[in-house]
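Undergrad: These are the residues of each chain, in order.
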Amino acid sequence: VFTIRQTLTSLFLLLGLGLGLSVALQTWAAFEQYREARELTTSNLAREQLSRAAVAVAEERTGAYLATLGQAEVERTANELSERTDAVLNEAAETLHRVDGAGEATILERLQQQLVVLRSPAGRSLAEADRDARAEAAAEVLAGYTAVVDDLVALRVSLLAQEDPTDPSTANAFQLRRYSTILLEALMQNEALIGGLLADLPPAAERAAWDQIRGNAERAELAFELITNRSAVEDRPLRLGLASLAVAYADRYRPLEQELLAVLSDPAPARSGIQSEAYRLLWNTRQITRTGAELQESLFAYSRDRLAQQQSRASRMALLWLGILLLGVGAVARGAWVVRSRVIQPLGSLRDSMLALAGGDLQLPLPDRSRKDEMGAMADALRVFKVNAIRRARLQEERHALHERLQAAHRQLQTDLEAASAVQLSLLPESARLGGVRFTGRLQPSHFISGDTYDVLRQPNGPVHFFLADVAGHGAAAALVSVASRYAAAQAILQRRGGDTLAEAIATLNDDWPEHLPYFTVIMGELHPEVGRGCLVQAGHPPPVLMRRAGAVEMIGQGGLPIGVVRGATFDEVAFSFERGDRLLVYSDGLSEAENPAGLPFTEERLVDLLQANLHLPTDDLLAAVTQAIQDWRGSETMEDDMTLLVLEGSDGTDGAWQIAAE
Amino acid sequence: MEPGKSRQSKVQLLGRDVAMSETDARAEFQRLQALRESGLLTAPAFPGLNEICQQAKAHFKVAMALVTLIDKDLQIIKARVGTTLEQTPRSDAFCDYTIRADDVFVVPDATKDPRFAANPLVTGEPYLRFYAGAPLIYLRDIRLGALCLLDPKPREFSLGDRAELAEMSDEAVSIIMRQVLDRRSAAAGL
Chain A
624 VFTIRQTLTS
634 LFLLLGLGLG
644 LSVALQTWAA
654 FEQYREAREL
664 TTSNLAREQL
674 SRAAVAVAEE
684 RTGAYLATLG
694 QAEVERTANE
704 LSERTDAVLN
714 EAAETLHRVD
724 GAGEATILER
734 LQQQLVVLRS
744 PAGRSLAEAD
754 RDARAEAAAE
764 VLAGYTAVVD
774 DLVALRVSLL
784 AQEDPTDPST
794 ANAFQLRRYS
804 TILLEALMQN
814 EALIGGLLAD
824 LPPAAERAAW
834 DQIRGNAERA
844 ELAFELITNR
854 SAVEDRPLRL
864 GLASLAVAYA
874 DRYRPLEQEL
884 LAVLSDPAPA
894 RSGIQSEAYR
904 LLWNTRQITR
914 TGAELQESLF
924 AYSRDRLAQQ
934 QSRASRMALL
944 WLGILLLGVG
954 AVARGAWVVR
964 SRVIQPLGSL
974 RDSMLALAGG
984 DLQLPLPDRS
994 RKDEMGAMAD
1004 ALRVFKVNAI
1014 RRARLQEERH
1024 ALHERLQAAH
1034 RQLQTDLEAA
1044 SAVQLSLLPE
1054 SARLGGVRFT
1064 GRLQPSHFIS
1074 GDTYDVLRQP
1084 NGPVHFFLAD
1094 VAGHGAAAAL
1104 VSVASRYAAA
1114 QAILQRRGGD
1124 TLAEAIATLN
1134 DDWPEHLPYF
1144 TVIMGELHPE
1154 VGRGCLVQAG
1164 HPPPVLMRRA
1174 GAVEMIGQGG
1184 LPIGVVRGAT
1194 FDEVAFSFER
1204 GDRLLVYSDG
1214 LSEAENPAGL
1224 PFTEERLVDL
1234 LQANLHLPTD
1244 DLLAAVTQAI
1254 QDWRGSETME
1264 DDMTLLVLEG
1274 SDGTDGAWQI
1284 AAE
Chain B
20 MEPGKSRQSK
30 VQLLGRDVAM
40 SETDARAEFQ
50 RLQALRESGL
60 LTAPAFPGLN
70 EICQQAKAHF
80 KVAMALVTLI
90 DKDLQIIKAR
100 VGTTLEQTPR
110 SDAFCDYTIR
120 ADDVFVVPDA
130 TKDPRFAANP
140 LVTGEPYLRF
150 YAGAPLIYLR
160 DIRLGALCLL
170 DPKPREFSLG
180 DRAELAEMSD
190 EAVSIIMRQV
200 LDRRSAAAGL
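The listed protein sequences derive, respectively, from chains A and B.
Taken in order, the first sequence gives residues 624 to 1286; the numbers are from the working numbering.
Taken in order, the second sequence gives residues 20 to 209; the numbers are from the working numbering.
It is worth saying that the hints were derived from the structure and are not from the lab.
In this text, all values refer to a predicted model and were calculated from it rather than measured experimentally.
Be aware that one or more of the hints could be misleading.
[Unchecked claim] If we take Cβ atoms under 10 Å as the criterion, some of the chain A residues that face chain B in the derived model are: (1) 829; (2) 833; (3) 1000; (4) 1002; (5) 1007; (6) 1010; (7) 1013; (8) 1024; (9) 1117.
[To be verified] Covered, in the sense of this in silico footprint (three residues per stretch, anywhere, with C-beta under 8 Å from a C-beta of chain A), are these stretches of chain B: (10) 158 to 170; (11) 173 to 179.
No residue lacks a Cβ here, since even glycine has one placed at the ideal position from N, Cα and C.
Next up, chain B with everything else stripped away, as it sits in the complex (with noise of 0.2 Å):
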């Protein structure tokens, strides 16, 4: 890695340290807690997940759609259209600012955002410019991941599409609930 960029992570994650107050690290434990007790982090792919990938990045008209979930150092991309990508470091992932709030989180154009303008996926490799994300709202303030949209073009995400892409979310959060439930159900014998 050139050493610019690893500067730049280490500043990222300066930042988010210290952005971090006390309700944001109950936050980070219990989405944590969540992501281990429902085993998501090791589930094999889910049904339906890339099928609602596929639906947003038509939908949208963008190069990519992803389904991630931020464990404590990574980001595990568990389903994806328009890229191979299965994990990223954390300190790379749009997504980590997405899963700080139930809002959809855009970035219009990652190059003119001083948050992103250094991130390696915006200057190199797929040389992203916007970013859509919606929270995979889980329980009361867990959210695990976000259903996001990456292109390499900037472009502008009105409230109608912000509240689309926040069903979409929805849906993929239903899609995971429901699994993670038959699987317990089917371990107790109910």
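Chain A on its own, in the form it takes in the complex (with noise of 0.2 Å):
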């Protein structure tokens, strides 16, 4: 498997290398080209002085031939024809020089030398020689130089075929000098051969002339028809001088030189005749090479413009295509950087934040933000997410904290709380007799602290006094009231006088009971177990509950208001029998009225019920079969409100304790 890094950097640098390979080669081509199109330049240029060459030698030649023949018509001096001979020569040399394969330089080497041997016997026979002798020296000079030419020619064409112009007019070009070469050097034969002939030359010599002159004439007519088919032309000196080579070969030289040949012809010709054509020839054949090296030089000027413009080319598009390399190679590693440093490294750092942010680092520092690209909203968008985690941690770690708090907070409430529980519970009396009355009492508060309370208390050889408070509501506020309530109850019985009834007593607390505390409901009574008898006041609590010895359970109180609710209220007072033996319940409604998870209530009905099925047991397994009865009722050992229960019983008289306590 690769990575994207990898991928990328394999697959931009095979494009890359592709691409600058193809170039490479395409630029190599036209170099190539380049080079070849200077190579054709240097040899066309090495062709064209080897043509003048051969035109020089071949002047040279005339020169030589006319004055060994002691022809008088002569144009140039040898010295002149020489130098100028020479001086074409050298420059051949040096072009030739310049041309790949020297071989054609060293033959050149040789024909000049071979020339210097030519021109020595031509200066020598000059003087002495008669008329055969001289015959034949000039047969001899016109032979050697013409060898000469040939070999220039041979060697242009030998030049010519390692060269292969792809320019068809350039290559015409090349035909048409070939073939102007061809033509001229024939033409340029004659004219030395019609000069010879205006010489005084023996019947042989005149008829070898003839011969020569006759096929010098064929190579000429075949050259110009050559030249005739190739010379649809484009360029305009070019077409005027074939066009004017054309009227001078065929309206002026042809019918001429077919006339010197008719007198030729003839097996003994006019001596005058020959010598009359021939000078008029002459002239002519003077008129056409000069037009045939008109025509030739119109000939270099054209291929040596078609070649200029083909390497100008040729080196323009090397040029273009090296440029192409260059810019190639620059857009190939500008590229390379930009995906290294635009893609590669970003996405790189990216990858390593993302993955620490992943792992849970948040301390790793984030690439950089201040792009504008893809990466760089990919970086910011990891910012948001870095900054999400880490917002995450701290709220975490602040609810930890918040959480501390909380329990430290609770703890010191719930201690506060058991403290406040302590406190109120030991303000209840503990089970006891006291005056001919055992009690049990049992308070279960909903939360820690209650708002009910109770207490038993006689004074000095009076009645037992004792009552049972709940104060509206439950909770701090409900547990601080009830302990006041406490404490008005308590005084209430405590500085009843004489002659108050208990219910003038509770009129009393209900009217002093400061009116901006809760209400509370209470029972309050008093018993007379040495004569059997009691007597209650119910103000708003729940009726309590009668439990004979012999058997009989019963609800007894008739309601009544509870206090702090109208002030100035009257209560009424329910006496009842209390023998010995019988049991009085007195309870708070957190009993008759806890309900079950159906939201029934226990109500006081099933709570007589149950007090008349336990009749049998002791108070204490009593009180805890009710309390049990009343945690089964709710389903669990929680309650809603607070729940107390208080048993007051005639003492039995077997109870030793109690006959004490009456003593």
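From these two lone chains plus the hints, build me the complex, please.
TA: What follows is the structure in structure tokens.
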């Protein structure tokens, strides 16, 4: 499996390599073409110079030939001619050295030496020789020079054979040059021969000259035909040159040449006829060789021009491709840099950051956030993720701290509540016997502290008083008020004046209860076990239950208002018999109104039934049974409201402790 | 004050009144209540808030960073870096816009924002151009003020920038909450 980094890098390298290679190949090819064009130009120049050299040698040949024959019709001196020939040949040699394959240069050197050899006998034989010897020497000179010219032409052709111009116009021009060279050579050879005819030649030599002239005429004719076939050229000076050559050759030179040949073909030609024809023809031959040389020059110019164009085109192409190559290399390098610095590296650092973030490392610095591209946007999004992670960690930390605070606060509250509960419980009297009454109390706060309270007390030689109060509501406020109610109830009992009934004492309690405190319900009663009676006042409290020793269970009391609800209210006393062994159960509404999960209250009726069923139990067990029954009813051990039970029992005669107390 | 300025603030005030829906009005009431209850407006400087301003200024490379509370008619600046401003009229407060939502509120260039182009803090000293504020979210829908960045050069504020600023404002709220809670606990004897 390749990573994106590897894939991108290798793809880019491959692409870059492919592009670079193909462009480099093209560039190489273009340079190769340029080199070829340059070589072609050089070789063309060499051939041009060789052609000129051939013309120069041919002219020198004419001069040397005629001079050897003693012919006076010489335009230039031999020295002039040979100087020009040497100059042209030297130029050609120099150029040839530049052409690959220096074999041609060696051949040219040999030709130059040959020329030197040719020149010396030509000068020597001038003075003394007779007519035949002159003719013989002239023929030798002619043949020698012609051999040099032929070699030069051959050299030229061999150079041309190495070239293969792609441009058809150039190729055509090359052919034209070739044929014009042949034409020119044939005509120039004829020029020399015709000039020779003017001299006094022996008949054999004349005969030979005639043969040569005819042969040259045929060669010229062939060359001219070939030139005519190829004369459809675009170049205007070239076309003009070809046209004037055609005029000079076909209209002027050829008819005269035909005439001369006709005269010469006569088995016994008239000397004067030959001379007059030759003379006219000689002049025209000079004209046409000049025209031919001019045509050749314009052909040279044309080829040079074409080749120069070709070369500059090739050089432009080469430079163009070189430029493309450099651009391509630059583009690949720049692209590689961009891919590396803007894709691969940011991708790598993004990856590292993401992995670190996923691994929970929030310290790692994020990649460059200043970029505006895709990577920058992703890095920016990563910042959001990082901040979210930091935020989550911080919130978690804060939540823990908050939980600890809450826990501490709860513990503090709990401690306070427990302490308050202990204080409250310590206020309640422990189960005991008092003045012939045995009492057992149970207080079960719904939450540590309770709004219920009770007490059993006896003034010296007085009856046994009891009360059970339940302050409205529960919690801390109800608990504190219950303490106040307990104090107020105890005061009401203790400060009860001699004639006051219990109901009057309760009325006073009701009137004295501070208005701004919550109301409370209370059962307050007095018991006279020694005479078997008791009475009680019910103030908004659930009715107490009297369990007779004989087995009867009855509720007593007629309701009444709670304390602190209506100022000036009056209360009723309920009197009942209270024999030894009778038990009075006083309770708070937390018992009778305890609800089961379905929301049904336990009710006083169920309580009475429950007591009836468990009447045989001793008091402690009876209370345990009631508590258990309530828990079962509720389906849980917790209470919604405070629940208080107080059982007062007329002491049995067998109860020694009661007897002691009674005494 | 120039006549142009007073007219502008009147228009702004009008705009706010019009924009204030029933929920806004309740939020406004609750915010003011929370500010009074917590005693934040009058409380002495909170240690830690200035550090947050410094951190924000350095991190975002801005000229000023403030912790503001938006009272009924004033913007109270509880902590600051880069300025000595103690309070501004609420009508000039950028943060008054910030407290209307839980998101970070950004003004890339105040001169191009019709709501702020004529604000005296934009047209005069300190020639503010850039504003970014993250609300101090105290309770649900109750945003007491903002942790804000101010600069006289306009700039862009990316998602990452917003998240980071919001995190800093959260930290500021934590600092405030912690101290309010400490004070209350101390008062309750817990």
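Undergrad: Run every hint past the structure and note whether it holds.
TA: These are the hints, each one checked on the structure:
no., hint, verdict
1, 829, "violated (110 Å)"
2, 833, "violated (106 Å)"
3, 1000, "holds (8 Å)"
4, 1002, "holds (8 Å)"
5, 1007, "holds (4 Å)"
6, 1010, "holds (4 Å)"
7, 1013, "holds (6 Å)"
8, 1024, "holds (8 Å)"
9, 1117, "violated (36 Å)"
10, 158 to 170, "violated (count 0)"
11, 173 to 179, "holds (count 3)"
In summary, the numbered hints that this structure violates are 1, 2, 9 and 10.
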